[in-house]
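Asks: Residues per chain, in single letters:
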Amino acid sequence: RKEVEQDPGPFNVPEGATVAFNCTYSNSASQSFFWYRQDCRKEPKLLMSVYSSGNEDGRFTAQLNRASQYISLLIRDSKLSDSATYLCVSSAGTDKLIFGTGTRLQVFP
Amino acid sequence: DAGVIQSPRHEVTEMGQEVTLRCKPISGHNSLFWYRQTMMRGLELLIYFNNNVPIDDSGMPEDRFSAKMPNASFSTLKIQPSEPRDSAVYFCASSRNLGGTYGYTFGSGTRLTVV
Chain L
1 RKEVEQDPGP
11 FNVPEGATVA
21 FNCTYSNSAS
31 QSFFWYRQDC
41 RKEPKLLMSV
51 YSSGNEDGRF
61 TAQLNRASQY
71 ISLLIRDSKL
81 SDSATYLCVS
91 SAGTDKLIFG
101 TGTRLQVFP
Chain P
1001 DAGVIQSPRH
1011 EVTEMGQEVT
1021 LRCKPISGHN
1031 SLFWYRQTMM
1041 RGLELLIYFN
1051 NNVPIDDSGM
1061 PEDRFSAKMP
1071 NASFSTLKIQ
1081 PSEPRDSAVY
1091 FCASSRNLGG
1101 TYGYTFGSGT
1111 RLTVV
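From first to last, the protein sequence lines are chains L and P. Counting from 1, one number per residue, gives the positions in the first sequence under our numbering. Counting from 1001, one number per residue, gives the positions in the second sequence under our numbering.
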């Protein structure tokens, strides 16, 4: 079983739609969680951290469910510029970050 | 802040040649990570350093791969001899600490093609 698992997609959604991604992690000792965004032929960039209480940054909301060991990302009012691959990340205990293989999002006009 | 700087951006080499990838982490970051990304396997952690000391190299695919960090501002990843299956994008990332409390910052990557 992979340490971090995501649905690879692609998710094809129209502009203005709400889309949600989930991912699961296997290490119950994981301490830190993030969502990264990666554009085609670019490096991954930190989108947001994920906190136990849930957190929001503009149109983006992240949630953590420790009991079920899953993380979610909700994007409201999707924009064309949101088209990218979204990488789910968890720490391996207190040491190093493990990246999922990513979920591809394509927003169309 | 110049970010994490990697060189070269692109490298095309023939099978059997030695390849050296370079990375300059963000000043003040104590931890440095080398990742490899392919379509099939995603981002794989190869090796990481804390305070210039290698902590875990279990991700290094085989003895042909080696990495060094002679000081806090420079690291290299070497492949000798290179093989076509090594073709991938190699990313270097740095962070303030190992656990990545604040996440990692990635360089722009080196796209390696071995023919």
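Simulated from the structure, these hints should not be mistaken for lab results. Cβ atoms here follow ideal geometry from the backbone N, Cα and C, with glycine treated the same way. Honestly, I wouldn't trust all of these hints.
Label pairs and their calculated CB-CB ranges [unchecked claim]:
1. L/Gln-69 with P/Thr-1101: 15 to 21 Å
2. P/Thr-1101 with L/Arg-59: 23 to 29 Å
3. L/Ser-28 with P/Ile-1005: 47 to 53 Å
4. P/Tyr-1102 with L/Pro-10: 28 to 34 Å
5. L/Pro-10 with P/Glu-1014: 31 to 37 Å
6. P/Ile-1055 with L/Gln-106: 23 to 29 Å
7. L/Lys-42 with P/Arg-1064: 23 to 29 Å
8. P/Glu-1044 with L/Gly-9: 27 to 33 Å
These stretches of chain L come out as covered by chain P in the derived footprint (C-beta under 8 Å, 3 or more residues) [said to hold, decoys possible]:
9. 15–27
10. 96–108
Asks: Work down the list of hints and note, for each, if the structure agrees.
Replies: Against the structure, the hints come out as follows:
L/Gln-69 and P/Thr-1101 have their C-beta atoms about 20 Å apart, which keeps the hinted 15 to 21 Å range intact. Remark: the range hint 23 to 29 Å for P/Thr-1101 to L/Arg-59 is upheld by a beta-carbon distance near 25 Å. Our hint of 47 to 53 Å for L/Ser-28 and P/Ile-1005 is violated, since their Cβ atoms are close to 37 Å apart. At about 30 Å, the CB distance of P/Tyr-1102 to L/Pro-10 agrees with the hint of 28 to 34 Å.
Distance hint check: the CB atoms of L/Pro-10 and P/Glu-1014 are about 35 Å apart, consistent with the given range 31 to 37 Å. Hint check: P/Ile-1055 to L/Gln-106, Cβ distance near 38 Å, so the stated range 23 to 29 Å is violated. Checked against the hint of 23 to 29 Å, the C-beta distance between L/Lys-42 and P/Arg-1064 comes to roughly 28 Å, which is consistent with it. Against the hinted window of 27 to 33 Å, the Cβ-Cβ separation of P/Glu-1044 and L/Gly-9 comes to about 20 Å, which falls outside the hint.
Under a criterion of three residues with beta carbons nearer than 8 Å to beta carbons of chain P, the stated coverage of the stretch 15–27 of chain L fails, only 0 such residues being counted. With a threshold of 8 Å between beta carbons, the proposed coverage of the stretch 96–108 of chain L by chain P holds, since 7 of its residues qualify and at least three are required.
Checked against the numbered hints listed earlier, the structure breaks hints 3, 6, 8, 9; every other hint is satisfied.
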